[in-house]
Amino acid sequence: MQPCPCSPGGRVPRAIVVGSGPGGATAAMALARAGFDVTVLEKGRNLFASLERPVPDTLYGNDELKMRRGFGQALPELEPRTFRYREDQEEPVAVGDVNTIPGAVGGGTTLWDAKVPRFWDLDFSKRSLLGPVEGADVADWPFAYGELAPFYDAVEALVGVAGDAEALPELTRRHAPRSRPFPMPAGVQMRSSLLLADGARRVGLHPYPFMEAVNSVPYDGRPPCIHCGHCSTFGCPIHDRGSALVPLRHALRTGRAELRAETAALRVLHDGRRARGVLVEGRDGKRRTLPADLVVLAAGAVDTARLALLSELPDSSGLLGRCLMFHWMSHGYGIFLSERVHANIGRNVTQAIDDFCDPDFEGARAAARKAGLSYFRGGVVELGGTPQVIQEALQYRDLLELFHPEKPFGVRFKRLMRLSALRDRLAGLQMIAEDLAQPTNRVDLDPRVRDRFGLPAVRVTYSPHRHELAAQDFYLPRLAEIVREAGADAHGAIQSVSTEERPSPTGQVTPTGSHLMGGMRCGDDPATSVTDAHGRLWAIENVGVADAGVFPTSGAHNPTLTIMAVAWRNARAWAGVEGVPALPPVERTDGGGGVPWEAVAAGAAAAAAG
Amino acid sequence: MHPALSRRAFVGSVGFLLLLQRLPRALVEAAFAQPQPFRFFDARQAAVVTEATARLIPGPRDDPEEAGHPGAREAGVVHYIDLLLTAFEDDPPRIYAGGPWSDRHGGAENLLARFVPLAPWEERAWRRRIAALRRRYRAGIAALDRAADGDFAAAPPERQDAILASRRHAGFRRLLFEHAIEGMYAIPEYGGNRELAGWREIGYAGDVAPRGWPDEAMTAAVEDVAPPGVELPFPAQVSDERKPVRRLQSAGGEIADLQAFLDAALPLLARGPRA
Numbered sequence: 001m002q003p004c005p006c007s008p009g010g011r012v013p014r015a016i017v018v019g020s021g022p023g024g025a026t027a028a029m030a031l032a033r034a035g036f037d038v039t040v041l042e043k044g045r046n047l048f049a050s051l052e053r054p055v056p057d058t059l060y061g062n063d064e065l066k067m068r069r070g071f072g073q074a075l076p077e078l079e080p081r082t083f084r085y086r087e088d089q090e091e092p093v094a095v096g097d098v099n100t101i102p103g104a105v106g107g108g109t110t111l112w113d114a115k116v117p118r119f120w121d122l123d124f125s126k127r128s129l130l131g132p133v134e135g136a137d138v139a140d141w142p143f144a145y146g147e148l149a150p151f152y153d154a155v156e157a158l159v160g161v162a163g164d165a166e167a168l169p170e171l172t173r174r175h176a177p178r179s180r181p182f183p184m185p186a187g188v189q190m191r192s193s194l195l196l197a198d199g200a201r202r203v204g205l206h207p208y209p210f211m212e213a214v215n216s217v218p219y220d221g222r223p224p225c226i227h228c229g230h231c232s233t234f235g236c237p238i239h240d241r242g243s244a245l246v247p248l249r250h251a252l253r254t255g256r257a258e259l260r261a262e263t264a265a266l267r268v269l270h271d272g273r274r275a276r277g278v279l280v281e282g283r284d285g286k287r288r289t290l291p292a293d294l295v296v297l298a299a300g301a302v303d304t305a306r307l308a309l310l311s312e313l314p315d316s317s318g319l320l321g322r323c324l325m326f327h328w329m330s331h332g333y334g335i336f337l338s339e340r341v342h343a344n345i346g347r348n349v350t351q352a353i354d355d356f357c358d359p360d361f362e363g364a365r366a367a368a369r370k371a372g373l374s375y376f377r378g379g380v381v382e383l384g385g386t387p388q389v390i391q392e393a394l395q396y397r398d399l400l401e402l403f404h405p406e407k408p409f410g411v412r413f414k415r416l417m418r419l420s421a422l423r424d425r426l427a428g429l430q431m432i433a434e435d436l437a438q439p440t441n442r443v444d445l446d447p448r449v450r451d452r453f454g455l456p457a458v459r460v461t462y463s464p465h466r467h468e469l470a471a472q473d474f475y476l477p478r479l480a481e482i483v484r485e486a487g488a489d490a491h492g493a494i495q496s497v498s499t500e501e502r503p504s505p506t507g508q509v510t511p512t513g514s515h516l517m518g519g520m521r522c523g524d525d526p527a528t529s530v531t532d533a534h535g536r537l538w539a540i541e542n543v544g545v546a547d548a549g550v551f552p553t554s555g556a557h558n559p560t561l562t563i564m565a566v567a568w569r570n571a572r573a574w575a576g577v578e579g580v581p582a583l584p585p586v587e588r589t590d591g592g593g594g595v596p597w598e599a600v601a602a603g604a605a606a607a608a609a610g
Numbered sequence: 001m002h003p004a005l006s007r008r009a010f011v012g013s014v015g016f017l018l019l020l021q022r023l024p025r026a027l028v029e030a031a032f033a034q035p036q037p038f039r040f041f042d043a044r045q046a047a048v049v050t051e052a053t054a055r056l057i058p059g060p061r062d063d064p065e066e067a068g069h070p071g072a073r074e075a076g077v078v079h080y081i082d083l084l085l086t087a088f089e090d091d092p093p094r095i096y097a098g099g100p101w102s103d104r105h106g107g108a109e110n111l112l113a114r115f116v117p118l119a120p121w122e123e124r125a126w127r128r129r130i131a132a133l134r135r136r137y138r139a140g141i142a143a144l145d146r147a148a149d150g151d152f153a154a155a156p157p158e159r160q161d162a163i164l165a166s167r168r169h170a171g172f173r174r175l176l177f178e179h180a181i182e183g184m185y186a187i188p189e190y191g192g193n194r195e196l197a198g199w200r201e202i203g204y205a206g207d208v209a210p211r212g213w214p215d216e217a218m219t220a221a222v223e224d225v226a227p228p229g230v231e232l233p234f235p236a237q238v239s240d241e242r243k244p245v246r247r248l249q250s251a252g253g254e255i256a257d258l259q260a261f262l263d264a265a266l267p268l269l270a271r272g273p274r275a
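Those sequence lines, one after another, are chains A and B.
Residue numbers for the first sequence follow the working numbering, so the first one is 1 and each next one is one higher.
Residue numbers for the second sequence follow the working numbering, so the first one is 1 and each next one is one higher.
Extracted from the complex, chain A is given alone in its bound form (with noise of 0.2 angstroms):
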């Protein structure tokens, strides 16, 4: 074992990890391989057994009233948040849910549908390579492309990514190259997703399929998507989708791991140089304090920030907090006549395009200027995706207010129902849009709301800045056009970025989406970061984070296989490993887990033969 630089006198060295997200899980594995006692605490339940398996049992399901009633998640009468437009705002404009994200085993990768696109090179270089814009803080990662590229390739095959390299369009290639194929090959592709896809080849656009972390083939010992079209926002009934189990599989097996779910980190204890443990409540309601060597921060951007706000850690340059980003979600919709689409049927989505992430797309430059920027972007866009079916019911519900205020039930809703222009008849796409970094968006504490420990709730503050208004009102009308051009009979985009000025008429008052980031900003500079190159608090060396919060850009893509391959290369830092890891081993694919086999098997060939 390598002597770590976190332990004291050659004993076995402790770490605490708070979080088994996709950032927790990956630093508990190589800090566990690594040879340390990791503890990964989990304020949420553990929805699963038998985590050592590839395969554990899973109270997750296809049971979308489940979801809807939060299983799995924060309840926000429990652990609200507070938010609010700017920080002289005394009073919140939202309480309860802000951007809460799932919150048990796995974190967000419960529920996710598992899109697992890499940052390009911009995103690390953003500020060498396009320059700083004027209200932002644009900055350049303590590192670039070339140095994760390695730990994307790790995070690939350790999750299992399912895409075509050979597929990808010229752009992608150029800004976020590869050196080898994803270890399978792309699933099956939505009805959908291939009609808007059509949709933007007509327009222009390179679609290409969407690498996911999804089974296209039975891999690490977990069966391929059985396409139930349960997947985003639902767990995985079969885990052939990847997710942070895989590594904390991994941790577990080493021997060196403990999980403690219902387990809540109040307090990470310090004395402004160095940490020396966690004080936690546990299921029971008592409180304890951990002995901790290292202490690893992985609850989430918003949580982290919080975390280390509750525990006066030192702030080296005042931005701890700061510089909170969110993607932003614009929607585009298609309704089709002549034919059931049926994007319930799949993995979400399928298809995606990255034309709009490049700052020189066609006339970006020319309406950035107009807006008083250098340049602006967009992001990638997912395409094809529709509601489940309660969701469908009670937009009907709304709608029919609006439409018939004198009878809005009864037979026009079943009538409604029964086309399901609204589900089965729609196909819809997403654009997930840069948000730069402000240090007036931040996270706080709420000087009045707390939470079910007793402890401050999180106080966001957070607007956009005009690049993100002006990307969005010149990308609106080109996803509307990619609906139109698939053959939609009715077609329309949304505007989803909300301000004081101009709420969206979604009438949400918060950020859209659940990818959360910055508030603990990497850098080279104590000055300019709160933590180090890689990811340790500048004034204690012994904390470390390993979510999203460290990032200095939010990037125009998905941000969990960046998260992953961050965690992993600075875990391997603190711990004192060098170079590239060494792949975990894939399991071979046996059937455990408990998945009826023989079932899934006859079940498909019986339909397939009709």
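Keep in mind that a hint or two might mislead.
In silico SDA-like links for lysine to any residue, alpha-carbon gap of 25 angstroms or less [said to hold, decoys possible]:
hint	chain 1	residue 1	chain 2	residue 2
1	A	K407	B	E65
2	A	K407	B	T50
3	A	K286	B	A119
4	A	K286	B	A125
5	A	K286	B	P117
6	A	K286	A	P526
Keep in mind that the hints were calculated from the coordinates and are not lab data.
What you are looking at is a predicted structure, and each value in this text was computed from that prediction instead of being measured.
Since chain A is already given, all that's left is putting chain B on it; use the hints.
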């Protein structure tokens, strides 16, 4: 079977269509097959909820147009609501059904029928939530009865509709409608969607794990032309500024504007699943 389904022409593979038409007969717990006593509602309250939700989501007994199309009454929505309001009379409480699958699509046993024990903090929150719902139901039912001169359930359907549509009862109607939708389209383990009436009526396969769908089902082009001549609840307004879209001819001869419908739907769609 919904008429649009029978019109389906299937391009690519016939397997998908056959699978849909062969939705398994309900495998609902035996208890549900018997007339079931109510746990929260008294007989009179149950009658009000039964009749009110049948106005919101009508079935064959409630509207001649719905012949062959089960509604809230047939799906047992009132029992879904009664079980929700008494969730803590069972142990574990009937809040979160189990996982990962039922026995409807290839599973050997129905694992959704075993409810998940709650964490202590979840129990605290859900006890409060359900206490608040109980208060709203008591008050809402009483208000419907008052508006119908003492007996909502016995009022003529037109009167019931007028009461439910009135602004005065909008809050309770929205709650009832939400719960009627859940009782209609959620998995049947929560006590509604009896004999899968809600899913069957719209051609929705439901919880298809662990069998899932064959590859062909994902890629298939399923032609199903929305039937003309059916009156659709779209507004009649037509804007010349919009890109031309195909319009549906309604029974009354009006032009129904699908685009206006989608425009109105966009904010709801974009708000996402936890709206």
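Outcome of the hint check:
no. : hint            : in the structure
1   : A/K407 x B/E65  : holds, 16 angstroms
2   : A/K407 x B/T50  : holds, 18 angstroms
3   : A/K286 x B/A119 : holds, 15 angstroms
4   : A/K286 x B/A125 : holds, 20 angstroms
5   : A/K286 x B/P117 : holds, 21 angstroms
6   : A/K286 x A/P526 : violated, 37 angstroms
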